[in-house]
Amino acid sequence: MKKIINDPADVVVEALRGLAAAHPDLLRVTEDPAVVARADAPRAGKVAIVSGGGSGHEPLHGGFVGPGMLDAACPGAVFTSPTPDQVQAAVSQVDGGAGVLLLVKNYTGDVLNFETAAELAAADGVEVRSVVIDDDVAVQDSLYTAGRRGVGATVLVEKIVGAAAEAGADLDTCARLARAVVAGARSMGIALTAPTVPHVGEPSFTLGEDEMEVGIGIHGEPGRRREPLPGAEGVVAALLEPILSDLPFAAGDEVLLFTNSMGGTPLLELYLAHGIAERVLAERGITVTRRLVGPYITSLEMQGMSLTLLRLDDELTRLWDAPVQTAALRWGR
Amino acid sequence: MKKIINDPADVVVEALRGLAAAHPDLLRVTEDPAVVARADAPRAGKVAIVSGGGSGHEPLHGGFVGPGMLDAACPGAVFTSPTPDQVQAAVSQVDGGAGVLLLVKNYTGDVLNFETAAELAAADGVEVRSVVIDDDVAVQDSLYTAGRRGVGATVLVEKIVGAAAEAGADLDTCARLARAVVAGARSMGIALTAPTVPHVGEPSFTLGEDEMEVGIGIHGEPGRRREPLPGAEGVVAALLEPILSDLPFAAGDEVLLFTNSMGGTPLLELYLAHGIAERVLAERGITVTRRLVGPYITSLEMQGMSLTLLRLDDELTRLWDAPVQTAALRWGR
Amino acid sequence: MGCDAAGVARAVRAAAELVTAHRDELVRLDQAIGDADHGENLKRGFGFVLAALDQSTPDTPGAVLKLVATTLISKVGGAAGPLYGTAFLRAATAVGAASELTPDLVSVALQAALDGVVARGKAEVGDKTMVDALTPAVEAARGSTVAEVLTAAAAAAEAGAESTIPLTARKGRASYLGERSAGHLDPGARSTSLMLRAFAEAAS
Amino acid sequence: MGCDAAGVARAVRAAAELVTAHRDELVRLDQAIGDADHGENLKRGFGFVLAALDQSTPDTPGAVLKLVATTLISKVGGAAGPLYGTAFLRAATAVGAASELTPDLVSVALQAALDGVVARGKAEVGDKTMVDALTPAVEAARGSTVAEVLTAAAAAAEAGAESTIPLTARKGRASYLGERSAGHLDPGARSTSLMLRAFAEAAS
Ligand SMILES: Nc1ncnc2c1ncn2[C@@H]1O[C@H](COP(=O)(O)OP(=O)(O)O)[C@@H](O)[C@H]1O
Ligand SMILES: Nc1ncnc2c1ncn2[C@@H]1O[C@H](COP(=O)(O)OP(=O)(O)O)[C@@H](O)[C@H]1O
Ligand SMILES: [Mg+2]
Ligand SMILES: [Mg+2]
Ligand SMILES: [Mg+2]
Ligand SMILES: [Mg+2]
Chain A
1 MKKIINDPAD
11 VVVEALRGLA
21 AAHPDLLRVT
31 EDPAVVARAD
41 APRAGKVAIV
51 SGGGSGHEPL
61 HGGFVGPGML
71 DAACPGAVFT
81 SPTPDQVQAA
91 VSQVDGGAGV
101 LLLVKNYTGD
111 VLNFETAAEL
121 AAADGVEVRS
131 VVIDDDVAVQ
141 DSLYTAGRRG
151 VGATVLVEKI
161 VGAAAEAGAD
171 LDTCARLARA
181 VVAGARSMGI
191 ALTAPTVPHV
201 GEPSFTLGED
211 EMEVGIGIHG
221 EPGRRREPLP
231 GAEGVVAALL
241 EPILSDLPFA
251 AGDEVLLFTN
261 SMGGTPLLEL
271 YLAHGIAERV
281 LAERGITVTR
291 RLVGPYITSL
301 EMQGMSLTLL
311 RLDDELTRLW
321 DAPVQTAALR
331 WGR
Chain B
1 MKKIINDPAD
11 VVVEALRGLA
21 AAHPDLLRVT
31 EDPAVVARAD
41 APRAGKVAIV
51 SGGGSGHEPL
61 HGGFVGPGML
71 DAACPGAVFT
81 SPTPDQVQAA
91 VSQVDGGAGV
101 LLLVKNYTGD
111 VLNFETAAEL
121 AAADGVEVRS
131 VVIDDDVAVQ
141 DSLYTAGRRG
151 VGATVLVEKI
161 VGAAAEAGAD
171 LDTCARLARA
181 VVAGARSMGI
191 ALTAPTVPHV
201 GEPSFTLGED
211 EMEVGIGIHG
221 EPGRRREPLP
231 GAEGVVAALL
241 EPILSDLPFA
251 AGDEVLLFTN
261 SMGGTPLLEL
271 YLAHGIAERV
281 LAERGITVTR
291 RLVGPYITSL
301 EMQGMSLTLL
311 RLDDELTRLW
321 DAPVQTAALR
331 WGR
Chain C
1 MGCDAAGVAR
11 AVRAAAELVT
21 AHRDELVRLD
31 QAIGDADHGE
41 NLKRGFGFVL
51 AALDQSTPDT
61 PGAVLKLVAT
71 TLISKVGGAA
81 GPLYGTAFLR
91 AATAVGAASE
101 LTPDLVSVAL
111 QAALDGVVAR
121 GKAEVGDKTM
131 VDALTPAVEA
141 ARGSTVAEVL
151 TAAAAAAEAG
161 AESTIPLTAR
171 KGRASYLGER
181 SAGHLDPGAR
191 STSLMLRAFA
201 EAAS
Chain D
1 MGCDAAGVAR
11 AVRAAAELVT
21 AHRDELVRLD
31 QAIGDADHGE
41 NLKRGFGFVL
51 AALDQSTPDT
61 PGAVLKLVAT
71 TLISKVGGAA
81 GPLYGTAFLR
91 AATAVGAASE
101 LTPDLVSVAL
111 QAALDGVVAR
121 GKAEVGDKTM
131 VDALTPAVEA
141 ARGSTVAEVL
151 TAAAAAAEAG
161 AESTIPLTAR
171 KGRASYLGER
181 SAGHLDPGAR
191 STSLMLRAFA
201 EAAS
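Protein chains in written order, with the numbering used here: chain A, 1 to 333; chain B, 1 to 333; chain C, 1 to 204; chain D, 1 to 204.
A few of these clues could be false.
Each pair of labels, with its calculated beta carbon distance range [claimed, not checked]: (1) B/287 x A/45: 19 to 27 Å; (2) A/237 x D/99: 55 to 63 Å; (3) A/172 x B/92: 51 to 59 Å; (4) D/24 x C/47: 53 to 61 Å; (5) B/254 x D/125: 46 to 54 Å; (6) A/285 x B/333: 31 to 39 Å; (7) D/51 x A/206: 37 to 45 Å.
Listing some non-contacts, in silico: residues in chain A with all C-beta distances to chain C over 10 Å [as the list claims (entries may be wrong)]: (8) 40; (9) 143; (10) 146; (11) 208; (12) 225; (13) 250.
Sample of chain B residues lacking proximity to chain D, with all beta carbon distances greater than 12 Å (derived) [to be verified]: (14) 39; (15) 85; (16) 111; (17) 168; (18) 176; (19) 216; (20) 220; (21) 225; (22) 233; (23) 253; (24) 311.
Don't read these hints as lab results, they were simulated from the structure.
Beta carbons: idealized from backbone N, C-alpha and C, even for Gly.
Given only the sequences and the hints, what does the whole structure look like? Please build it.
Spelled out as structure tokens, the structure:
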């Protein structure tokens, strides 16, 4: 294992110290339990948006804490959902009296831990709602799985709902918007290499020199199938087709296209793939009106990418465009 | 070679198409010769800031084109400096009548091609100045080398000079500021893995499982020496010591600390290293007043990192804080 | 062993040690069909359990089990944290304020633990989860001494865990793999069988 | 070969083909002590040279050399683009409007090319660059026919290129490696010797 770390057991807390040192204007970190909260939290009268999940997906979620996006993030151990205590601590740090919305990626662990946290927070007298994000079309949503994973749409939900909360939307509105984004977003990912979890010390899986793993998640779990690695055109087609046919998206739709690196894929390749995706969507009569390109929801150093498509309307577009001031996403003001 | 590309010969132009598609509000791309220019160029009466270099270092330089930073970037082939024609085309696209400043990283190829371009532009009647950036302390600046490489300081020069030009500074002032940043900045990098150049198809060098390459550049060239990979504390020490002793930096200095990923090193590790660097500097009595953490000047998918320290004064700090609106750096406004 | 609070604490320590000794195996099992953290999660959680037991000595078996439960819930995360946490919490409630565990109380506690896991995780037998180890363990948990009850449960859990190998997962992270999950032992079923083995040996 | 414009164009084509055939070797040499692009840079540049020669047929040797120069300058980039570009440009100027190259003119052109490379790159013999191949080539470039001149130059360039192996680089990208650059053939010296060999063979 080649990593710039000290003891694998300390990776998360040491990274949080660096995050806190790097962004003193935006956020505050508490180490036990681990919480990344807005520097100016709690904001009286504002709905607080809280998310979290295993570490190793940076900048998700800590990099999205700040005005216009999250009020707090709860980083678990690498690839392990946070505990209820963390979420409860986050809630109590940022609750401004207008309620707290928990944004939960759909994994058994995340759902169970946030569920318990919501009960604990409710017992503390805080009004809490949860919305579960499940946008990954690689997983068939049926009786035979834990349901679709929450992946790329998470970034979009956090941005859009964060903007609404910042603008004074109430808890019901924030929850409705979160559900609307989840309903209108679909994602799909592939991997060229596997991530190496620090406490494991070796890659989570191995792929042949000419293979890609199709339908991967963000935790180093293998995908649905293994295929020969095609050129970039083929990769984009393998990602776009299942997304487009699932919702389905149709000619005339206006969409946000989110081209995400899984961490190790450099921007040169990512922009190349993005250009192809834009061209293919244009050929299908789908209009890309907003885009996000970069490593925003990652799986450590894994090489690979995902595409997320979100159908936009005026309300979602306006909220996407609203100012955001976080470590990883900034615009407007 | 595992990459999301089509024909290796088309990588740069296809990536540029994606860049253009992703940021229509910020920039325009011409393909032959390849130039990335501000969407609103030329700006009458404003000094134009032009940089460029081989591709493979993204977001450098195209990701830094926009208000408050570069007017144009000239992307060469992967790891190959651009040609004079490209630079000349960029100059003519963005010249607003107040002169053009060329920011050149100190590599033989970059220096020679920009030199010729400057002659061509001068012959076209454009007032041109060049500043060469050479901040890499891994290379001894002596009779026995091509001189120090331009690495991390490039990002800082482009930001600071871009802010000055945006605020109306004249060509001499911009050139003076560029030289001031170069004079006050020092960098050092290490690699855990080598990049794979698309037209080569295999890693530029190979390192043992426990080795790091110390004093690397951003083109896959091997470093000055190979050492056993220490923990993150050791990595940060190996980077900071030669930087601090070179300028030298001293207790009482106020600095900008730029913790840069070479591409493949994930944010989790980068923030961890950043936290250590902040702690060590504090122990030395050096005050970090500004910081930048992320993959900003990279070497394709290479794992590794660099640190850059820039001594700040009020003028540089104010220019660093000034608004910037580019694909990769955004704040203020 | 005695089945008072101290005895139960010793059994928990034994389970903590066995699971920790199998940390790498559990990581590898989870790597094949999950995210490679199950062994690390349990090692971390039981490390805190041992520290908690070092600090305070609860005075009933139920209080020991409750301490285990709250520690796992607040320190593990992932799927295993809340599931095992709930299992221990329900077991604690089931044994109430008894100062000593009887064979019957152990059976009841195991049943309560299983009910808790199912209530939280909604898994059925055959879904390739810890339920596949715990369900046969509960069914087999009969005997005239606590040691007999736990030995029977542990043996059944071991067989139940093995039975997950050919299964296609329908719950948890392994379900994302679809048919590619078949041919692998479920890590949670394995850790359940390890814990029961440790309890059984501690009781013998 | 004839040494008129068509003959010089044929020689340039031969050089383009030989360098392109050695593309991988030049990439590997540059990979060891540089950034692995020298072969690709020259292949790309000479590809454009061939295309330019296909389009227009300049009518003097000097015009052919100038076309090569401007194409390399505008299409190659890196260190080799301006250096080889300048070499061909100075050679073009040196042969002026002559309609046919003589042995003397070839010697003069080679000297001018070397002077141009040194003027741009400031390298001296022993710095481990193309200058180590070009300098002995210029010194050896004597003979009673163009073929003799170029054959002597090519042989000297080859020896000069080999001489770079033990050297520690003091110019160009290889200089960053310090003593680690010793033990490797300089890619630019190698490509210089390849070009001169192609010229010599075309002239023979
Ligand atoms: N819904 C569920 N019901 C019962 N057990 C489950 C369920 N989901 C997962 N598990 C168990 O949890 C184990 C995985 O635990 P762990 O790796 O610690 O958590 P995570 O899956 O969050 O990484 C699985 O092997 C399985 O036995
Ligand atoms: N200052 C110089 N003078 C003469 N030749 C040089 C100089 N610097 C580099 N070279 C030559 O250029 C070659 C490298 O060319 P190339 O790889 O195409 O460019 P780059 O170094 O920009 O990647 C070296 O092998 C060397 O022969
Ligand atoms: Mg997990
Ligand atoms: Mg080069
Ligand atoms: Mg797991
Ligand atoms: Mg080179």
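These are the hints, each one checked on the structure:
The beta-carbon spacing between residue 287 of chain B and residue 45 of chain A, approximately 37 Å, falls outside the hinted interval of 19 to 27 Å. Taking the beta carbon of each, residue 237 of chain A and residue 99 of chain D are about 57 Å apart, inside 55 to 63 Å as hinted. Checking the proposed 51 to 59 Å range against residue 172 of chain A and residue 92 of chain B shows it holds: the Cβ atoms sit about 56 Å from each other. Restraint check, residue 24 of chain D to residue 47 of chain C: a C-beta distance of roughly 55 Å satisfies the suggested window 53 to 61 Å.
Between residue 254 of chain B and residue 125 of chain D the Cβ separation comes to about 48 Å, which falls inside the hinted range of 46 to 54 Å. As the Cβ distance of residue 285 of chain A to residue 333 of chain B is approximately 34 Å, the hint placing it in 31 to 39 Å holds. The hint said 37 to 45 Å for the Cβ distance between residue 51 of chain D and residue 206 of chain A, and at roughly 44 Å that hint holds. Against chain C, the non-interface label of residue 40 of chain A holds: every CB pair exceeds 10 Å, the least being about 28 Å.
Non-interface call for residue 143 of chain A relative to chain C: violated, since the shortest CB-CB distance, roughly 7 Å, does not exceed 10 Å. Listed as outside the interface, residue 146 of chain A is inconsistent with that label: its C-beta sits roughly 5 Å from the nearest C-beta of chain C, within the 10 Å cut-off. Distance check on residue 208 of chain A: its Cβ is at least 16 Å (rounded) from any Cβ of chain C, clearing the 10 Å threshold; non-interface status holds. With a least beta-carbon separation of about 8 Å from chain C, residue 225 of chain A fails to lie farther than 10 Å from that chain, contradicting its non-interface assignment.
For residue 250 of chain A, the non-interface assignment is confirmed: its Cβ lies about 28 Å from the closest Cβ of chain C, beyond the 10 Å cut-off. Against chain D, the non-interface label of residue 39 of chain B holds: every CB pair exceeds 12 Å, the least being about 26 Å. With a cut of 12 Å on Cβ distances, residue 85 of chain B falls inside the contact zone with chain D, its closest approach being about 4 Å. Not every CB of chain D is more than 12 Å from the CB of residue 111 of chain B (nearest about 9 Å), against its label as outside the interface.
At roughly 33 Å from the closest C-beta of chain D, the C-beta of residue 168 of chain B stays outside 12 Å, upholding its exclusion from the interface. No Cβ of chain D approaches the Cβ of residue 176 of chain B within 12 Å, the least distance being about 26 Å, so the stated non-interface status holds. With a cut of 12 Å on Cβ distances, residue 216 of chain B falls inside the contact zone with chain D, its closest approach being about 9 Å. With a closest Cβ-Cβ approach of about 6 Å to chain D, residue 220 of chain B is found to fall inside the 12 Å limit, against its non-interface label.
Interface exclusion of residue 225 of chain B from chain D breaks down, the closest Cβ pair being 8 Å apart, not more than 12 Å. Every CB of chain D is more than 12 Å from the CB of residue 233 of chain B (nearest about 27 Å), matching its label as outside the interface. Every beta carbon of chain D lies more than 12 Å from that of residue 253 of chain B, the smallest distance being close to 28 Å; the non-interface claim holds. Once the 12 Å rule is applied to beta carbons, residue 311 of chain B is consistent with being away from chain D; the minimum gap is 25 Å.
When each numbered hint is compared with the structure, violations occur for hints 1, 9, 10, 12, 15, 16, 19, 20, 21.
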